[in-house]
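Number of protein chains: 2
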Amino acid sequence: MPAFVDEPLDRADARRTDAEGLRALLARPDARVLAFWRADPYLADGRPVLVAADLQPDAPTVFLGLDGEAPVFARSLAGSAPPPLAGAPADLRMAVGAMSPADGSVLGTARALFSWHHRHGFCSRCGVPTAPAHGGWRRLCPGCGTEHFPRVDPVAIMRIEQGDALLLGRSPAWPSGMWSCLAGFVEPGETVEAACAREAHEEAGVRVRDVRYVGSQPWPFPGSLMLGLACTAEGREVRVDPAELEAARWFDRDEVAALVARTHRDSAIPPATAIAHRLVASWLDG
Amino acid sequence: MPAFVDEPLDRADARRTDAEGLRALLARPDARVLAFWRADPYLADGRPVLVAADLQPDAPTVFLGLDGEAPVFARSLAGSAPPPLAGAPADLRMAVGAMSPADGSVLGTARALFSWHHRHGFCSRCGVPTAPAHGGWRRLCPGCGTEHFPRVDPVAIMRIEQGDALLLGRSPAWPSGMWSCLAGFVEPGETVEAACAREAHEEAGVRVRDVRYVGSQPWPFPGSLMLGLACTAEGREVRVDPAELEAARWFDRDEVAALVARTHRDSAIPPATAIAHRLVASWLDG
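Chains A and B, in that order, are what the protein sequence lines are. Going by my numbering, the first residue of the first sequence is number 5, and it counts up by one from there. Going by my numbering, the first residue of the second sequence is number 5, and it counts up by one from there.
Quick caveat, the hints were computed from the structure, so don't treat them as lab data. Every residue gets a Cβ at the ideal spot worked out from N, C-alpha and C, and that includes glycine. Hints should not be assumed to be uniformly reliable.
Stated by the list, open to error - If you anchor each label on the Cβ, the simulated ranges turn out as follows:
hint, chain 1, residue 1, chain 2, residue 2, range
1, A, E250, B, D95, 44 to 50 Å
2, A, P146, B, T236, 43 to 49 Å
3, B, M182, A, G149, 25 to 31 Å
4, B, F225, A, A28, 35 to 41 Å
5, B, A102, A, G83, 57 to 63 Å
6, A, A285, B, P12, 35 to 41 Å
7, B, P226, A, D71, 31 to 37 Å
8, B, A135, A, G290, 30 to 36 Å
9, A, P61, B, M182, 44 to 50 Å
10, B, F225, A, T236, 31 to 37 Å
11, A, E250, B, G101, 51 to 57 Å
12, B, G209, A, A285, 33 to 39 Å
Unchecked claim - So the derived list for chain A, only partly shown, Cβ under 10 Å to chain B, looks like this:
hint, residue
13, A18
14, S109
15, R115
16, C127
17, P154
18, Q221
19, A247
Isolated chain A (complex conformation) (with noise of 0.2 Å):
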């Protein structure tokens, strides 16, 4: 299973537009509040940190849901160093593949929810400065009054198929030898599918049909959601578009499989957290 997709909390979305009871659940005794600097986790042992509420109060918190009965919070602290806690804000990225999913999905809705505060503290429709409102899941415009709301980005991310073989492409910059499935926001006025034709095509060259629905992920790196895809390319020529790829390539059956298994002499594939990976092993499974 890949890593953000488990649903650990009740959101409880009606207690959010609820100020007053969102401040009774933050003085809880079996409230929680997870620790951040900016919108990275506090990890300590590779656990989130809890800070006490009465830490930098004033901070932006979001209500993230309840775990049973204990209401659960993040706070992004400021400062120009991380305030000292136990452990160190850890990029999410690298280390969820070591958490329990549970852990994993909550700070990741969290640092979905930061990285949106941060680059959203103005009015994109008058240009005054907005406030969080509903427990961290709106900012509010005192100029406008315009609602808004956080932003998720859909993403395409294809796995393509020809026969026995899979087109893998890669970044120039990424690390040497990292290959993985090709992928591109889906824009206004598309759907998923045309998306992704449109991607395999600018990408690579490459015409695809049968566009099929394998799963989705929510990847808070700042804020997309991952809609993963499988389709049959028409041929096996290759053109890639240098603005967007170092280079696309076909793995066979062989190749994918030490991919996967990690014995693959001189390449690499993303790991088993990213939505990627999971659409390149289901293909060996069939």
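Keeping the supplied structure of chain A fixed, place chain B upon it in accordance with the hints.
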């Protein structure tokens, strides 16, 4: 086929970054500029209306792509009343049912882009006015340098099945007798499947399982991506949240057949342009 899912143009996204090339495309004799007033397309006899490239040349203009060789743009004309052209601005949601799939999709893409531009004149990061770029597919901030991308909001819309019946709900804002599929925005940190389960429970108190993806549809009012799903309810008990729905009830197969055929005595579902219609109608076919 629902509206807006056709993809008649080559979006030719590599051309978007070439400002001089776009000016040359706009000047070509075979260029077409679709007329909008704000975010509403001009229609004459149900067909898109063209505007001369030199009418309000500084009004927001987006490059939609190539129809064969012909460049296709859209322009959002300003004015407290619609400038006089052939036809008149129309509500695309109402008009799309009488249009060709190609016209509907092209106008839908432009409508989504113009709606985004109208709501994003200022930088959400630093508050200064931004400027359109990349043929209307970006906005750039001269203050902090942020590049803003059009927003696409994923929505889970679901056919909830239980035995030989479907659960439909109605919003208090809808016309009397109108029923449709339950739906809600996918939140940060959430899979599509989890959003489906959460919305079914929040809105109607129903627990669902076996969430399957059916298909997608862009819905440019103002910028949603509908992700059509089917799922199975664990029981028939319904507990409506009055903040979300006015009512929800089960419709048996005969009633659903009457809804699809538009012969139901007192109830109706959205027209075939909406993915909700497809979700309901395709259930009858098994």
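Okay, the hints, checked on the actual structure:
A beta carbon spacing of about 46 Å between E250/A and D95/B agrees with the range 44 to 50 Å that was offered as a hint. P146/A and T236/B have their C-beta atoms about 45 Å apart, which keeps the hinted 43 to 49 Å range intact. Restraint check, M182/B to G149/A: a C-beta distance of roughly 28 Å satisfies the suggested window 25 to 31 Å. Distance hint check for F225/B and A28/A: the Cβ-Cβ separation is about 38 Å, which falls inside the suggested range of 35 to 41 Å.
The given range of 57 to 63 Å is respected by A102/B and G83/A, whose C-beta atoms sit roughly 59 Å from each other. Checked against the hint of 35 to 41 Å, the pair A285/A and P12/B passes, with Cβ atoms roughly 37 Å apart. For P226/B and D71/A, the hinted distance range of 31 to 37 Å is satisfied, since their beta carbons lie about 35 Å from each other. As the Cβ distance of A135/B to G290/A is approximately 51 Å, the hint placing it in 30 to 36 Å is violated.
A beta carbon spacing of about 46 Å between P61/A and M182/B agrees with the range 44 to 50 Å that was offered as a hint. For F225/B and T236/A, the hinted distance range of 31 to 37 Å is satisfied, since their beta carbons lie about 33 Å from each other. Our hint of 51 to 57 Å for E250/A and G101/B is violated, since their Cβ atoms are close to 46 Å apart. Distance hint for G209/B and A285/A: a CB-CB separation of about 37 Å, consistent with the stated range 33 to 39 Å.
Hint on A18/A holds. Least Cβ distance to chain B is approximately 7 Å, under the 10 Å limit. Using the Cβ-Cβ criterion of 10 Å, the hint placing S109/A at the interface with chain B is satisfied: the shortest such distance is roughly 7 Å. Given the 10 Å rule on beta carbons, the hint for R115/A holds: about 8 Å separates it from the nearest Cβ of chain B. This hint holds: C127/A has a C-beta 6 Å from the nearest C-beta of chain B, less than the 10 Å allowed.
A cut of 10 Å between beta carbons decides the hint on P154/A: the least distance to chain B is about 5 Å, and the hint holds. Because the beta carbon of Q221/A sits about 6 Å from the nearest beta carbon in chain B, less than 10 Å, this interface hint is met. For A247/A, the shortest C-beta to C-beta distance to chain B is roughly 7 Å, which falls under 10 Å, so the interface hint holds.
The structure fails hints 8, 11 (numbered hints given earlier, in ascending order).
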